[in-house]
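Fit chains X and U to the given chain P structure using the hints.
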Amino acid sequence: MKNNSLLTRRDFLVKSFTAFSAIYIIPDIIPHASASKPLDKEVDSSTRWAMNVDIDKCVEGCSACVDACVDENGLYGFDRPETDSQWIRKLTLKDIKTEKISTLPMMCQHCENPPCCDVCPTGASFRREDGIVMVNQHTCIGCRYCMMACPFKARSFVHENLTEQVTNAPRGKGCVESCNFCANRIDHGADTTACEEACMNEGHQAITFGDLSNPNSRVNKAIDNKPGRRLRADLALKQRVTYSGF
Amino acid sequence: MDKIIFKKFIIKPKLFWLKFLFLGFFIFLGFLSSLYMEHEGHYITGMNNQIVWGMPHMFAVFLIIIASGVLNIASISSVFDKKLYKPLAPLSALLAIAFLIAGLIILVLDLGRPNRLIVAMTVYNFKSIFAWNIFLYSGFAVILAVYMWTMLDREVNKYSKYMGTFAFAWRIILTTGTGSIFGFLVAREAYATAILAPLFIIMSLLYGTAVYYLIIRIINRYLNFNISEEIISNLRNLTLYFLFANLYFLALYHVTNLYIAKHINFELFILTSGGIYTFIFWAGQVLIGLILPLVLIMSNKFKDTVALKYASILVLLGGFSAMHVIIIGGQAFPLNIFPDHIILDSAFYDNVVHSYTPSIYEFILGIGGIALALIIVLIGIANFKFLPTITPPSNINTQKD
Amino acid sequence: MHQLVKSFAFIIFIFNPLLTSSHDGEKHSMKGHSKADMMEQCVEPTIVMQKEHFKFLYHQRDKTVIKGVRTKKHSLANCIDCHVSYDNKGEAIPVNSDGQFCQTCHVETAVNIDCFSCHASVPRGKQVILKSNDNIKSISNIHAKTSYLIKNLEDMHYEK
Numbered sequence: 001m002k003n004n005s006l007l008t009r010r011d012f013l014v015k016s017f018t019a020f021s022a023i024y025i026i027p028d029i030i031p032h033a034s035a036s037k038p039l040d041k042e043v044d045s046s047t048r049w050a051m052n053v054d055i056d057k058c059v060e061g062c063s064a065c066v067d068a069c070v071d072e073n074g075l076y077g078f079d080r081p082e083t084d085s086q087w088i089r090k091l092t093l094k095d096i097k098t099e100k101i102s103t104l105p106m107m108c109q110h111c112e113n114p115p116c117c118d119v120c121p122t123g124a125s126f127r128r129e130d131g132i133v134m135v136n137q138h139t140c141i142g143c144r145y146c147m148m149a150c151p152f153k154a155r156s157f158v159h160e161n162l163t164e165q166v167t168n169a170p171r172g173k174g175c176v177e178s179c180n181f182c183a184n185r186i187d188h189g190a191d192t193t194a195c196e197e198a199c200m201n202e203g204h205q206a207i208t209f210g211d212l213s214n215p216n217s218r219v220n221k222a223i224d225n226k227p228g229r230r231l232r233a234d235l236a237l238k239q240r241v242t243y244s245g246f
Numbered sequence: 001m002d003k004i005i006f007k008k009f010i011i012k013p014k015l016f017w018l019k020f021l022f023l024g025f026f027i028f029l030g031f032l033s034s035l036y037m038e039h040e041g042h043y044i045t046g047m048n049n050q051i052v053w054g055m056p057h058m059f060a061v062f063l064i065i066i067a068s069g070v071l072n073i074a075s076i077s078s079v080f081d082k083k084l085y086k087p088l089a090p091l092s093a094l095l096a097i098a099f100l101i102a103g104l105i106i107l108v109l110d111l112g113r114p115n116r117l118i119v120a121m122t123v124y125n126f127k128s129i130f131a132w133n134i135f136l137y138s139g140f141a142v143i144l145a146v147y148m149w150t151m152l153d154r155e156v157n158k159y160s161k162y163m164g165t166f167a168f169a170w171r172i173i174l175t176t177g178t179g180s181i182f183g184f185l186v187a188r189e190a191y192a193t194a195i196l197a198p199l200f201i202i203m204s205l206l207y208g209t210a211v212y213y214l215i216i217r218i219i220n221r222y223l224n225f226n227i228s229e230e231i232i233s234n235l236r237n238l239t240l241y242f243l244f245a246n247l248y249f250l251a252l253y254h255v256t257n258l259y260i261a262k263h264i265n266f267e268l269f270i271l272t273s274g275g276i277y278t279f280i281f282w283a284g285q286v287l288i289g290l291i292l293p294l295v296l297i298m299s300n301k302f303k304d305t306v307a308l309k310y311a312s313i314l315v316l317l318g319g320f321s322a323m324h325v326i327i328i329g330g331q332a333f334p335l336n337i338f339p340d341h342i343i344l345d346s347a348f349y350d351n352v353v354h355s356y357t358p359s360i361y362e363f364i365l366g367i368g369g370i371a372l373a374l375i376i377v378l379i380g381i382a383n384f385k386f387l388p389t390i391t392p393p394s395n396i397n398t399q400k401d
Numbered sequence: 001m002h003q004l005v006k007s008f009a010f011i012i013f014i015f016n017p018l019l020t021s022s023h024d025g026e027k028h029s030m031k032g033h034s035k036a037d038m039m040e041q042c043v044e045p046t047i048v049m050q051k052e053h054f055k056f057l058y059h060q061r062d063k064t065v066i067k068g069v070r071t072k073k074h075s076l077a078n079c080i081d082c083h084v085s086y087d088n089k090g091e092a093i094p095v096n097s098d099g100q101f102c103q104t105c106h107v108e109t110a111v112n113i114d115c116f117s118c119h120a121s122v123p124r125g126k127q128v129i130l131k132s133n134d135n136i137k138s139i140s141n142i143h144a145k146t147s148y149l150i151k152n153l154e155d156m157h158y159e160k
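Those protein sequences? They're chains P, X and U, same order as listed.
Numbering-wise, my numbering puts 56 at position 56 of the first sequence, and it's gapless, one number per residue.
Numbering-wise, my numbering puts 97 at position 97 of the second sequence, and it's gapless, one number per residue.
Numbering-wise, my numbering puts 64 at position 64 of the third sequence, and it's gapless, one number per residue.
Isolated chain P (complex conformation) (with noise of 0.2 Å):
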């Protein structure tokens, strides 16, 4: 028993070789593995999850977010747009004064004032420590107070029984649901989102998304360049999606 305590030379160099692997090379090829939070971890403040939307890179036509949000997320409809769930829009617009043409994707903008988790009767409309706000479908009552009170349009509400939900986007019927920065990912020590990932993929690189606190973020280094700006900035909501360009 005691032999077998002890590392031999051999055991040694393999297991710190290992070990040296798993901090200095894994990391490096596990896509932001920088970032990455222990799955025994719990959120809290220390890091602050935010977007930014750099409309002038936003490209009109492409829905490559929309699509990966629903791919990600399972979040096939059926077909009636007006009930179907949207966790992530496209819209166009024009400016009044400049008549400007823009193009950007509006979802759930996590507000550090969020009006939904203010008239939530149950607290299931809540805001994690990382600032992540999300709905917690387990005490969701669905009595959509929440889509009252969202200036954005951001929620929705699941209006008929779903069968085919991905595991890591449980949904159903008779709760609302709405973009949560993909957290199960997040949790799981990626840190990009699927539409950052998919706005990548197409070369378009308009949504960034990563930690507020750490300064060489990309959605930091992005809002360096080029402030973003708040929607309904008159509200005071603070919402951690900005928007760049307008």
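Hints were generated in silico from the structure; no laboratory data involved.
Predicted model only: the values in this text are computed from it and were never measured.
For every residue, glycine included, the Cβ atom is placed at its ideal position computed from N, Cα and C.
Simulated coverage check for chain P against chain U, where a stretch passes if three residues somewhere in it have a Cβ under 8 Å from a Cβ of chain U:
no.	segment
1	37 to 51
2	133 to 139
3	168 to 178
Relative to the frame of chain P, chains X and U by itself:
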């Protein structure tokens, strides 16, 4: 006080059961349609991701407002110590409890997850006015029950004044809470104003009086309990005041909105360009609900009873229109997410006025709710002594008991 | 009153075997094969799992949703991953379908499962497939890993 003798609503059993079954039938239908809604999901209703609150909420809010309003009579008798109304006060409290329960049941049956009612009753977010309302509503029901007890049981009768005052305070807070459900919604032009709370209170006073009068008229058809002329002429005056007050607050609400630059587009939408919503506002809420009743009540051509009866019916029609304008109209106007931009294109109806066509299921659910309120009243008055045998003239009652 | 208590006791006595019946020694699922079939025991001793599994799930679900804890041990996704059966064609059979792992006991004890109106009852979705490929100790694993690496390299490329 001791001179009032209360009695049960005793009519021919056949007649009673006929009424019971008639109401029961609608309750059954309402329950069935709510089951269907829950089973299939809300896509079968007219509600969608644009108009998230629909007809069930119109009915529910309407009934809850009425619940607070029908307590008027009891409040006048206890808080303002008008002996004249004492004999009618217990019925007033029963009506309040019945309409409250019916309104809440509609609200609950429309939830996406009504089976999680227990969650709503056990987990609270105290920042939510909705959560506060759960307390206000259930508290109101309890207070009303105790209040009825103090009114009907001679042994505890001396406390009825205090309970009445308490119930009065509670109902004012309750209607404030109901109004604030909308008043606290900062994002929507239609709602983000505290004036909705007093507007709702004054609406509750008006609708409650109307409902109360219509119900005693109906009861009176089967069982004469001699509502005195004086009471009727008082109710007519009350209705007149409430109508004026309602007009005043309504005008104030809309003028305020006209004045706030941020809200002006919505205001013009409701007042001029909103199609069905504009029509319902002017024809339903203003003309039928306020102007015509005012004319009826103020005119000398009609007897008190006639004027009050038709005015009450019109007021209730107008009240339901008001619910439509406030609840549906408020959501129909698209959210102003980009004040400096025009939305050219959206996959999620961001740039269009939303339309709402209620389904038969929602409508039947609402009707079932009303039937539920009435059946509670029917069962209540048939089993407990709520109705005064005779309403004594006020000159006897103004003397000390 | 005494009679009532007696009859209750009788009913409980009659149904007792049903209420406490276990599947010791039996294969976990009636149809198809699952990973769990090959395991000695679940994440906790079998008797504990039989009696307390919902407590673990409840506890985990709040930790997961509110605190973002994603440990696998008591996660529903992990339960399904292991307990789901695959038929001869390799298709996953929902755990809540008749005769399957969850449903068998829940029918017997007449306890409604509310999980699967929202949660996927088979492993499903892009990430899940990626993860399970990663876990399988087989040649296909190498293929999965390479494609994973290639994809990540692409990601890194886009970042620049």
